[in-house]
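Student: Each chain is listed here by its residues.
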Amino acid sequence: MNHISVPLLEGAPVSGAAAPSAYLKIENLTKRFGAFTALNRINLEIPKGEFVCFLGPSGCGKTTLLRAIAGLDLQNEGSIHINGRDVSHAEPAQRDFGIVFQSYALFPNLTVDRNVAYGLVNLKWSRADIRSRVQELLSLVGLPDQGDKYPGQLSGGQQQRVALARALATSPGLLLLDEPLSALDAKVRIRLRAEIRSLQKRLGVTTIMVTHDQEEALAMADRIVVMNNGSIEQIGGPEVIYCKPETAFVSDFVGHMTFLDATVLEHGRVGVGSLVLAVANSRGFAPGTTVKLAMRPEEVRTRSIDSSTTNAFEARVESLSFLGAFCRATLNPVDSPGTMIAVDFSTNAMRDLGICVGQTRLVAFPPEALRIFPHDSREMHA
Amino acid sequence: MTIGLSLPAASERAISEKQVAAVLIGALCLILILIIALPLWALLSKSFEDADGAYVGFANYLTYFTTPTLFVSLLNSLMVAFLSTAIVVPLAFAYAYALTRTRMRGRGLFYAAALLPIFAPSLLAAISLVYIFGNQGFLSYLLMGNSVYGPIGIIMGEVLSTFPHALLILVTALSLADGRLYEAAAALGTTKQRVFWTITLPGARFGVINATFVVFTLVITDFGVPKVIGGQFNVLATDAYRQVVGQQNFSMGAVVGMILLVPAAVAFVVDRIARRRQVALLSARAVPYEPALNRALDTFYMIFCILIGGAIVATYGVAVWASFIQYWPYNLSFTLNNYVFSNVEPSGWDPYFNSLKMAAAVSVVGTALVFSGAYLLEKTHAFPLGRAVAQFLAMLPMAVPGLVLGLGYVFFYNASWNPLSFLYGTLTILVINTLAHFYTVSHITATTALKQIDGEFEAVSASLRVPFWRTFSRVTVPICAPTILDIAVYMFVNALTTVSAVIFLYGSNSKLASIAIVHMDEAGAGAAAAAMATAIMATAIMVRMLHILATRFIFDRFQSWRRR
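These protein sequences, in sequence, are chains Y and B. FYI, the numbering for the first sequence is 1 to 382, going by the UniProt record's numbering. FYI, the numbering for the second sequence is 1 to 564, going by the UniProt record's numbering.
Hints may contain errors.
Among chain B residues calculated to face chain Y with C-beta under 8 Å, some are [said to hold, decoys possible]:
hint, residue
1, Ser16
2, Glu17
3, Lys18
4, Arg387
5, Phe457
6, Ala462
7, Leu464
Straight-line Cα separation of at most 27 Å, DSSO-like style, residue types lysine-lysine; simulated pairs [stated by the list, open to error]:
hint, chain 1, residue 1, chain 2, residue 2
8, Y, Lys149, Y, Lys187
9, Y, Lys25, Y, Lys201
10, B, Lys451, B, Lys18
11, Y, Lys201, Y, Lys187
12, Y, Lys124, B, Lys18
13, Y, Lys149, B, Lys451
14, B, Lys379, B, Lys18
15, Y, Lys25, B, Lys18
Residues from chain Y that face chain B, not an exhaustive set, calculated with beta carbons under 8 Å [to be verified]:
hint, residue
16, Ser88
17, His89
18, Pro92
19, Ala105
20, Phe107
21, Gly119
22, Ala369
In short, the hints are calculated from the structure, not lab data. All C-beta atoms in this analysis are idealised placements derived from N, C-alpha and C, irrespective of residue type, glycine included.
Hey, can you work out the whole structure from these sequences and the hints?
Tutor: What follows is the structure in structure tokens.
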């Protein structure tokens, strides 16, 4: 059984090489609980080796989708193919996945070794093979000498690694992570993020992680699936999701966003109160349409600009709140009083420019940093 | 590159886990229908039939309510139940208050003393009262010419035997106190009386309601006490016995059974509501209440507890003592003659060993059935309709007094058309009946323990292709070992002391100790009856002590993983 250790540690080709077909293919998946539609015609393809995050607020359907993929909650309509095999109605045991829950679900009465070996015992391996495999997995997750302890004697982060080792023990084709880091301290969480990601890259195992933490999703995923109200809002890489959100919901849920009522004018301009701003992409809205203008606080420019810079305007600093590495300020444009805009100034800029409340400054938003959305589109519930 | 090993394709498996779960749930339903639903159905339909089995509508009920000799039993029962409840609940409340809300010394001892009646058949309280207040009792003069044989004796006996049941509920209710409320009240300068009426009592309100209904139901359906000490004073339970066993009037027995079902059913519904409300009362962030030291109050409560606890221990002590003396009240010298049961009862010690056998069987079979059943209902998801039916039937016995269930068994398992009628009169049917009788409490205990286990264990196992039954035996059962033991002991002790259900069902070879007590008492062998009851009580207490030791052993040896 020596062959098992080699492929495990050697790593497999990660995504990029165009796979002939998706490893996981979901078509028209719908799940209803009574009158409530938890998943509404979900379509999704995930290539082999990719790390995908389902991101959304609680109740958006991301966990329901994960459980449908696992076969723990069967969908009402639609199909799921894993590795080309139709598993739409297969039981969990027939789907070839490993899963890690937020609660870890480690068996408290079994030692770490036995927890990790739990799925191996069933494969009728020899005792020696099981022992070496368990040792290998525990080394992989950085717990080589904790095998004799019980889960209750480990820290949360260590328990999480054991759960990961157990899920990977049978070398599943698909790794499902259901909010695996939510129960951990902030520091541990950030360290485990990197560890899980590098482990996943090394093993090349197709991975889906459910999370409500946008930072986590941005930091870990190859692609993010943003979900809301049982539907997919947008699928894309972290940069695309953050910089080019397709809906007001995505732009609001991922990162911070100021929304202002605006009217589309001619030539790629919009009017906000008495301000006129240029936008890089007017997305086909006809002049005269009322829209929502979205601007990220950190997109504000305040150095090396002058009154001739595009979208520059004078604004009064109404309030400042110190948030560590940066300060969030509320700006009130001089020409359009009452149009409050949240912006972030780095602590650096605060110091260099001497920004303080009551000051009037020249600021600008580059046109490519402004996005417009239909006026009736839903934002996050504020 | 494969990191995947060639695993046997799971689809090759002949039957899936889901099908196994569905079949097992189906089997559970079938068992519960046989041991709970059908006997109750038999009782219900029998009450609408005449002696020949023809449907007669409400004729039996009409006869019952228009026959004064029958109807008066209903009034008697209500009177006894009301008075007993009115005495027990306030006393038990004060006792529970002393145990939970004061720093009186010896609380554990007082708690144990008050729980004593749980370990004995209710008959024993009545037997003792006969010794104390009967025609030759040493305290008969206290009754001022009134006879203990009748309502006075019944009420005293019921108060004694139901006291611990009320106490258990009220101790639970009063220990669920949020210390923060008391601190807030103190900060606002609230008086002690006002704190009691606005915080303590409302907090325990549902416990009080629950205890009231439980005691009322226990009293109105109890057979043991009125049988021994009721004299000519008829109550529903003794009527049912006389109608069925004495006069073979099954229809009228069924009517009495249906009437007895009413208070228990009401109590069941009230309990369900109270349980739901009580949960909402105590938030997860509540801080336990720590009573302050108050010497005057603690002394007052200690005197109260000495009186009540003392009365209970003394009463049961008299019966134990009486079982060891020659001839009450003339020859008080020590003897073991009363324990030679063959002097008064042809079957000798057999009933005692029958009881042990029966209790052991109920304990083993019942615990296995209840725990596996609760697991299937709680942790698997197959066969929703079957799960709903099983869940309902598992909760039903709580609403059915033992006497009523016993009647149902007579009508169902004694029916000539029933292929299972060969069971009638065997020890097996006593086991089945007792198991059904105590199913609900055990089921709730098991379910509560299972709910505390991570709900994702089965999902993880499925992902690792380990079938649920393997996780059940390797993880769930070991984790729940203390609970499983609790259930086994609960079933054993109750099976040992039960009398009301089995009185209809025993056969010549399956007479139980509790039934032998009734018979010996009927035959005027009070000392032998006391001796048998003492033997049962001693056994039950011993089992309970072994239970405490075994639980400690389990925690030390097999649950080391609980230690951090």
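Student: With reference to the structure, classify each hint as holding or not holding.
Tutor: Checked hints:
{"no.": "1", "hint": "Ser16", "in the structure": "5 Å, holds"}
{"no.": "2", "hint": "Glu17", "in the structure": "6 Å, holds"}
{"no.": "3", "hint": "Lys18", "in the structure": "6 Å, holds"}
{"no.": "4", "hint": "Arg387", "in the structure": "16 Å, violated"}
{"no.": "5", "hint": "Phe457", "in the structure": "6 Å, holds"}
{"no.": "6", "hint": "Ala462", "in the structure": "4 Å, holds"}
{"no.": "7", "hint": "Leu464", "in the structure": "3 Å, holds"}
{"no.": "8", "hint": "Lys149/Y x Lys187/Y", "in the structure": "24 Å, holds"}
{"no.": "9", "hint": "Lys25/Y x Lys201/Y", "in the structure": "21 Å, holds"}
{"no.": "10", "hint": "Lys451/B x Lys18/B", "in the structure": "21 Å, holds"}
{"no.": "11", "hint": "Lys201/Y x Lys187/Y", "in the structure": "22 Å, holds"}
{"no.": "12", "hint": "Lys124/Y x Lys18/B", "in the structure": "23 Å, holds"}
{"no.": "13", "hint": "Lys149/Y x Lys451/B", "in the structure": "25 Å, holds"}
{"no.": "14", "hint": "Lys379/B x Lys18/B", "in the structure": "12 Å, holds"}
{"no.": "15", "hint": "Lys25/Y x Lys18/B", "in the structure": "25 Å, holds"}
{"no.": "16", "hint": "Ser88", "in the structure": "13 Å, violated"}
{"no.": "17", "hint": "His89", "in the structure": "11 Å, violated"}
{"no.": "18", "hint": "Pro92", "in the structure": "4 Å, holds"}
{"no.": "19", "hint": "Ala105", "in the structure": "4 Å, holds"}
{"no.": "20", "hint": "Phe107", "in the structure": "5 Å, holds"}
{"no.": "21", "hint": "Gly119", "in the structure": "3 Å, holds"}
{"no.": "22", "hint": "Ala369", "in the structure": "43 Å, violated"}
Taken one by one, the earlier hints fail for this structure at numbers 4, 16, 17, 22, listed in ascending order.
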